[in-house]
Amino acid sequence: MRARLSHGFFRRHPGQWLLALIGIAAGMAVVTGVALLRGALVDSLDAASDALAGQDSIAVRAADGAIAPERFAELARLHGAPDWVPVLRIPVRVGGVELEVVGLDTFSAVRDVAGNASLGGAADALEWTGDGPPPAAIGPETAGLLGVATDAVLTLEGPSGPVELRLAAAAGTGLDRRLVMDIAVAQHAFDLPDTISELLAPGSARGWIEQNLPDGLQARTLEEQRASARELTAGLRANLTAMSLLALATGLFVVYSVLSFLMVQRRRSFGVLRAIGLTPGDLGRMLIQESLLLGALGSLAGLVAGTLLADLLLGLIADPVRSIYGQLALARTEPALWLYAALFVLGVLAAIAVTVPVVREALRVPPGRMVRAASAPLPKRVRWALAGVPVALGLAWVAVDGRLVASLGGLFLVLAGLATLLPPVGFGLLSVAGRRAGPGLTGRAVRLLDGSRRRLAPALSALSLALALAMGMGMMILGFRASVDDWVQRLLRADLYVSAPERALAVEEVERLAAIDAVAAVSTVSAQRLADGTRLTAYRLPARAWAGFDWLAGDPDEVRAGFEQGLGVAVSEPLARARGLAPGDALVLPLPGGVRQFEVLGVFRDYSSDAGFVAIDADRLGGRLAGTVDSVGLYAVAGVGRNTLQRQLEAALAADPQTSDLQWIGPREIRDQSLAVFDRTFRISWAMAVLVGGIALVALVSALLAHGFERAREYATLRALGLAPTQLFRLIVVQTLALTLAAAMLAVPVAVVVHYALALFIQPRAFGWSVPAGLPPIEPIVVVVPLALVLGALAGLIPAARIGRRPPADGLRAR
Amino acid sequence: MAEADPVLRLRGLVRRYGEGPRQVPVLDGAELDVLPGEAVAVMGASGSGKSTLLHLAAGMDRPDAGEVRIAGVDVHARPEPARTRERARRVGLVFQDYNLIESLTARENIELAVWLSRSTVDPARIDALAGELGIENLLERRPDQLSGGQQQRVAIARALIHEPSVLLADEPTGSLDRRAGDQVLDVLVEAARARGCALVLVTHSDEAAARCDRVLALRDGRLVPA
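Protein sequences, first through last, are from chains A and B.
Each residue of the first sequence is one higher than the one before, starting from 0 at the first, in numbering that gives the first Met the number 0.
Each residue of the second sequence is one higher than the one before, starting from 0 at the first, in numbering that gives the first Met the number 0.
Derived from the structure by calculation, the hints contain no laboratory data.
Keep in mind the model is a prediction, meaning the values are calculated, not measured.
Be aware that a few hints might be false.
[Said to hold, decoys possible] Partial chain A-side listing against chain B, Cβ under 7 Å, derived:
#: 1; residue: Phe8
#: 2; residue: Val271
#: 3; residue: Pro279
C-beta: ideal position from N, C-alpha, C; glycine also.
If we strip away everything but chain B, and leave its shape as in the complex, we get:
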């Protein structure tokens, strides 16, 4: 069987912080290939550059060297606003602190992703996705009326509604208790696989990593098998 092309490809990524002699390399030639439907866990000590890796992969930050391709497209070769539009279409983001827009309801937060990706989605699909994630009765509530686990599910729905190629999750269970965290991880990995979405999961948790197809560690600015 022919192997599919990676939907996410990172090559020789370098990112430094600081200036002059105090400059510190956070990423120093990181490389990664992720296939469609594959789930990859990235682990590492605090400050090892895990979040930086995700931000570069999403096109939210510029590398000092290296390349990021999503579905074959060089993300950083594109200027703004094309880069942002590409991210809106092809990438789904899940954050540790959920980062829902507080002035919008859960449904509106999900619709936001549709609007930003400049696609159209049948409202029934939102209801179906909400049902899949167990939040179908919470869609008219605002974030401050939801528990942490519920907010994170809404965030996952927002990340998946527009059928992205890549799903990037930055410690999605970091603010949740164990039980809520387990539930969120289950729906996250399941939903990503069901859609053939490449999932990169940054996590401290071995249990979370165990749900993924591969586990990598970020050491000295590079990704190595854990």
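Same shape as in the complex, but just chain A:
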């Protein structure tokens, strides 16, 4: 009988059941998509190593680029040396898709080092006789991504230009976005003679490697690489998780909103059932069973949608993951059964959790009162406590605990507290608007909303919060973009920047550039990664360059004086946050010439990476960094324009054939490229903001449709009394617009709260970047509010059309 009661109701109101399903499915889809994406970000790095060389292999790489062939020869000749497998990794693009060509000694990899059969059978096919395009093996995921099959000829964009390859064989799984070739053939095809990116060795050689590895080379096991990938992408994954949980919370609000409406619709039935003998326990069990079914079906739908969403999101982050972290994203996410099971349980539990307050309301009032009238509203002091306590707890948590989880948890609590205040404020605004609108239809329409306060309150909260989240994320992204723009423009003080694509510049080349007539001064930058993973950048800076640093700690003049005298180093903000460094602290660095200790002189703003780096005076440093330069900044003589400088530079380079590979770029172009990287990086954040906004629209549609259904009898009464169909249409549209406008107005201040929480707490704690506190950008408000109004009006059309068409008598009979 219990099942019949539930089934009977939902058969008569399928639309509302469907809305609740959509709400939970939408939220679960985003959570599933991001969960799969998180795993893919960590798995990306070692997919190839795992597939090619086995789980326990060790990868040896040079700290500053490729391994010189003589170094390889030296290592191979040492007594007890393992059987090294030289590997060449070449970044390439095919039609805008980032790939990697992996060149290796296929026979060696298969027989001696390989832990699986990734290349079994393919080795022979990769031999090249010199006729036709060189052969490569392609994995099924990559073939699917590119839409190609075996024997096709692929044109790739490599470092030195386009290269054609023939897809001669199908490699095993796990080689996402990678093409495998014989290393010698790859070196020839891509004009990289003798180039080696890394050496692979079996895990059994670990002891020998630790004892014999020379300076400048680093060895890492697969697990260490995986840990590094996890650390590298921790900030990005944390951000994605936070946004996905916000999306789920919004989806659950939709569910709560719809379930509340259903409760109101069924209150009379519940009252009768309680009156004639349904116990509170029976009623609670019935409602919980319904929410179990809702949660199960919604979660299943969400898992399916989320899996599809994950592959779409993966496509969005492929570029930034490559640009920022130097890793290749997987072609497709690889869902695990345990993850699906965990997400399914999360969805079901979330649906039940949302049902609990609805069930409590259903059970709280005695049957007699339920049959007669609605339950009493919460006392004001209870309402203020419900708002104030979570807000206070959230703020305290953020203040006391400096971890990222505290920022996210604190934001959740603050938003939960604010959510209880939104409805009374919103309906207060509507009351004022209704009075001001006068006695006509518009004013009446708005005033009628007041009678449905309690019913519309959850929907108003849900919609306001979702709009606030979408706008707040948009404000954070745009505000951050403006900060990055300001930082880049401030930092780039030189008139031109010169570098060589595949090598460092020698000191003599720098001197020749400095000797150009139009050049007043030069700056040099040399970067390398130390043995402990710290990024070190050696600078020689003229006076004009120092104004480019935005000092967050330390006196600028003192920092410069100390830096130039070799008294210490400067540290970028992300590194300072990660290691808790401040001016005056000691920093130990494992330099090529030995371990040295430096004093931290100052901390400067840096958005180039979330790992951060140490800046040091190049003249205080021996070894490679002192002798070579990665990039030179040219500062023009006063009164000389960039064009003149560029002409003289071109002439100087043309006169010397050894410098023919040097390239130059201006600060404006670097700025444009930086912002392009930023935009690509935050595409996924925009995507998440759009998803949250989409769920907000579901909340809006569900609330307005349910409100329309709830008011069907009232509207029918108005029609019976003489309201024309067009007037009724206008009345409903005015009501939906008023609700949407109220929600949007409430959302704006909450969006500002979200913006500052993301910019001042979450971003710094996730990525190590601080953003100057300033007024938030208004573009998201200008875009989201009108869009919400348009969509709100459209949402009102559906109930307006249905109710308008219905004969008044039918509506009067409806209960």
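The hints should help you fit chain B onto chain A, whose structure is shown.
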């Protein structure tokens, strides 16, 4: 002949609404005894507390003072869910607005009472009761396919199917026209008497009250002979 014990006994019932100085006593020491098979009409002005009296008698609302016994059992001494189960077994309710479950057919609405009272009823008994009430051809219809009088008959069947001790009817003809109302009252009083069920009928109508064995008025929170 020995007098039977009352199956419904109300003693010193008090019920107030509101808070503090604005508190209003709706019932102020109401008392009532109803014997098995007896029909009692309760009349009174609007807002005099008639429906409140019924809700307290059914255990749907708690009195501020006083006692309600059905078949000797103190209704309000029992906690939930025992109180509700007792109501499901011993009380039949008929409302002014019928209050049928709209998603169920007439037959299912009647079966609902059987399920809630945790008893078993032969389907033939449902058909027999339906025949007695003149709705035997309407059992497969939903409430929105029935007239007001037909819905109220279904509601009466739902109230009687599980053989309750007490039948409480709150203005059962209030939403019906005179003819339909007369028909409903006839079947209601007849069916209750036939089953030895104590009937308390809240009504505005003198004609309805005239069908009962006793007529009481609710004045100043107490029941007095009309």
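Cross-check of the supplied hints:
no.	hint	in the structure
1	Phe8	5 Å, holds
2	Val271	4 Å, holds
3	Pro279	6 Å, holds
Checked against the numbered hints given earlier, this structure breaks none of them.
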